[in-house]
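Asker: Residue numbers (my numbering), protein chains in the order written: chain A, -17 to 385; chain U, -17 to 385.
These are computed hints drawn from the structure, not numbers from a lab.
In this text, all values refer to a predicted model and were calculated from it rather than measured experimentally.
Heads up, a few of these hints could be off.
Same chains, same label: a pair holds when it works inside one copy or across any pair of copies.
Said to hold, decoys possible - Below, in silico cross-link-like pairs of lysine-lysine (DSSO-like), each with a Cα-Cα straight-line distance of 27 Å or less:
(1) Lys347 to Lys36
(2) Lys347 to Lys225
(3) Lys140 to Lys382
(4) Lys347 to Lys227
There are 2 protein chains.
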Amino acid sequence: MPDKFKLINDMAVDNGSKIILLLLDGLGGVPWEPGGKTELEAASTPNMDALTSKASLGLSEVVAPGFSPGSGPGHLSLFGYDPLQNIIGRGVLEAMGIGFELEPQDVAIRCNFCTLDADGNISDRRAGRIPTEECVKRVEVLRTIKIPGVEIFVEPVKEYRFALVLRGEGLNSAIQETDPQRTGVPPLPIQALDPAAEKTAAILRQWWEKANILLANMPPANSCTMRGYAMDPGLPRFPEVYKIKSAAVAVYPMYKGVSRLVGMDVIEHGAETPAEEFEVVKEHWNNHDFFFVHIKKTDSYGEDGNFDAKVCVIEAVDQALPTLLDLQPDALVITGDHSTPSLLKRHSWHRVPVMIWADWARYGKAVKFGETSCGTGTLGLIRHVDIMPLALAHAKRLNKFGA
Amino acid sequence: MPDKFKLINDMAVDNGSKIILLLLDGLGGVPWEPGGKTELEAASTPNMDALTSKASLGLSEVVAPGFSPGSGPGHLSLFGYDPLQNIIGRGVLEAMGIGFELEPQDVAIRCNFCTLDADGNISDRRAGRIPTEECVKRVEVLRTIKIPGVEIFVEPVKEYRFALVLRGEGLNSAIQETDPQRTGVPPLPIQALDPAAEKTAAILRQWWEKANILLANMPPANSCTMRGYAMDPGLPRFPEVYKIKSAAVAVYPMYKGVSRLVGMDVIEHGAETPAEEFEVVKEHWNNHDFFFVHIKKTDSYGEDGNFDAKVCVIEAVDQALPTLLDLQPDALVITGDHSTPSLLKRHSWHRVPVMIWADWARYGKAVKFGETSCGTGTLGLIRHVDIMPLALAHAKRLNKFGA
Chain A
-17 MPDKFKLIND
-7 MAVDNGSKII
3 LLLLDGLGGV
13 PWEPGGKTEL
23 EAASTPNMDA
33 LTSKASLGLS
43 EVVAPGFSPG
53 SGPGHLSLFG
63 YDPLQNIIGR
73 GVLEAMGIGF
83 ELEPQDVAIR
93 CNFCTLDADG
103 NISDRRAGRI
113 PTEECVKRVE
123 VLRTIKIPGV
133 EIFVEPVKEY
143 RFALVLRGEG
153 LNSAIQETDP
163 QRTGVPPLPI
173 QALDPAAEKT
183 AAILRQWWEK
193 ANILLANMPP
203 ANSCTMRGYA
213 MDPGLPRFPE
223 VYKIKSAAVA
233 VYPMYKGVSR
243 LVGMDVIEHG
253 AETPAEEFEV
263 VKEHWNNHDF
273 FFVHIKKTDS
283 YGEDGNFDAK
293 VCVIEAVDQA
303 LPTLLDLQPD
313 ALVITGDHST
323 PSLLKRHSWH
333 RVPVMIWADW
343 ARYGKAVKFG
353 ETSCGTGTLG
363 LIRHVDIMPL
373 ALAHAKRLNK
383 FGA
Chain U
-17 MPDKFKLIND
-7 MAVDNGSKII
3 LLLLDGLGGV
13 PWEPGGKTEL
23 EAASTPNMDA
33 LTSKASLGLS
43 EVVAPGFSPG
53 SGPGHLSLFG
63 YDPLQNIIGR
73 GVLEAMGIGF
83 ELEPQDVAIR
93 CNFCTLDADG
103 NISDRRAGRI
113 PTEECVKRVE
123 VLRTIKIPGV
133 EIFVEPVKEY
143 RFALVLRGEG
153 LNSAIQETDP
163 QRTGVPPLPI
173 QALDPAAEKT
183 AAILRQWWEK
193 ANILLANMPP
203 ANSCTMRGYA
213 MDPGLPRFPE
223 VYKIKSAAVA
233 VYPMYKGVSR
243 LVGMDVIEHG
253 AETPAEEFEV
263 VKEHWNNHDF
273 FFVHIKKTDS
283 YGEDGNFDAK
293 VCVIEAVDQA
303 LPTLLDLQPD
313 ALVITGDHST
323 PSLLKRHSWH
333 RVPVMIWADW
343 ARYGKAVKFG
353 ETSCGTGTLG
363 LIRHVDIMPL
373 ALAHAKRLNK
383 FGA
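This is chain A alone, in the form it adopts within the complex (with noise of 0.2 Å):
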């Protein structure tokens, strides 16, 4: 099988369309009860429902059946990249995320600010959820660890959530998580997985053991975990394979990783609210083709299992659409990175509805956006990594493949 990517970049053509990617984030759900509506058909979406004359309707696998994703596969997997093959560590996407300059030898590791007892049990693995700016303290006072023949990185994330990255010659992340996943008990040792990542884990060792010291009298933040050892996988970069100008308006620093990952431009913004997010659409408009616009409520709430406050931000996502609309994309996408169905209460299996709306969409008859319209839609069923090309074509940016 030739290369998808080099398939693709052969036929596109950068003819100057534009195109928005809208992602609500954990988009898809499940009637409430039997007959019943999921958090989508049951939002008021006139906006949206207007679109479906002029748009094509399909359910999309994220990443395979029965699967459910996390964000990063559900992100890369939108993007175009297969998210089987491509398995990013959490470290990497948390590291970029906060804007970290992430070079190609560095391992970058997700920690969180834990309290151990007096016993060195962990008592709390989030420290009580310690306010960013006591996460700001504590990173000020581990920054003035050093070891031997290694530059470390301490940057604060939130809350109790802080980035390590190391940066040297011969580093490795194959090593053991050290958050045992309950309290009562102490973290587990930094171990090597792999005999190349023994240079790695005695620096970190060192590493934690001055931490331990440093922020013994800092309760109850006076200790932490390490997860999500990753180094950047130094994916295709997807302007390049797209021939598209790209960039990410997103409020979460995962998000904005993911996007810098595929070397997408992060727009930095002070937005919350999708409406304010369009707006930073709205601003940046002109410099860019390709806009990756990333919603992230709808998850959230799926996850707190409230019903009616996903249907809310899907509602306030529609009526806040006609300023993305004014500015007349050549194609608009509007899906998820999975499903996140209220019921369930955590990021699940079942497809994603999709609409993509341009004017060389093969219109379909359905009159409201939704999973059940989606099922029977002119789209039919797609994989998430088919959404990019597939939203090239709409907006014309692929010629023929062969003669």
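Assemble chain U onto chain A, guided by the hints.
Answerer: Below, chain U alone, put in the same frame as chain A:
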């Protein structure tokens, strides 16, 4: 994955049942306006519609989502050959289309007569679309060119197009195309793209110099460009893989070429209309068990953006269909090699409607053959490479897989 052709060949039985594969080139479409119908849906097709009561309907992906197939990949996938693994140069299709018997080591080239101005720049890439008899006259002149160590064939195709075939030892097709795809500039140089093609490039440069001298006083076709350098890839032979005596009925050289490439018998005839082509099938009905019937004009009018004319061609096919039905084939497949929506005026990525009519089809509830009914048909979403196994199965030509 075991070789698919081997698997199918192992299951295939020659039971004498008969299959017609009726291809309307560029059949798929999109509605001309929101809420409207596609060309196939707008056409009055009482005969095809009547077939739906004993047929399975579905939509077919020709290559991959978002990919707009060229004619080569469109037909190869329809014949069951993975279009991503079997990329066939246009020169081979062109040469085979005019009945030229290519040998395995030949390099075939698709040439266009063009007009060069006094400065050596191309002023017309198609030499004023000279009529075929002018093409023949110049081809006869070009046939006088001799180059030591290689046998050269020059064959007229149609209007300004001709085929050039080199036969000899150590030839290679990795050579840069010389058509700059625009006017006001000279043809691109004949350059090897691979060291193995240096010899071939040198021969072609000599040939082209001599050709320019001979054509100098024959304006407007006073030079030529070269494209689609290719060799016969030696594909598995269709009649042997599927164990079925196969024939192609087509009007245009390209489609005869791709049929010959896979080893079908190509029936020569003077038919032009769908009704006439169907009469050819009738005449040869007893000589073959598989008939590939190619209708060109649906695609031509789609590319012209002529919705109504495309509808007319579909209606003409439908009116003539009883000729084929009276032959009582065991299975009749009606589909396209890609979509060519009149709205888009080009080959497109939209899935192609497909109908398999047979006693053993899983009938559905459709009453009209069209993209919408196919989208919810009992055949579901299939891939073009699966059409042949399905056709064989419906004609009871495939035994059970495994014990």
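Asker: For every hint, state whether the structure bears it out.
Answerer: Now the hints, each set against the structure:
1. Lys347 to Lys36: both (10 Å within a copy, 25 Å between copies)
2. Lys347 to Lys225: neither (33 Å within a copy, 42 Å between copies)
3. Lys140 to Lys382: Between copies, since 23 Å is at most 27 Å while 47 Å is not.
4. Lys347 to Lys227: neither (34 Å within a copy, 43 Å between copies)
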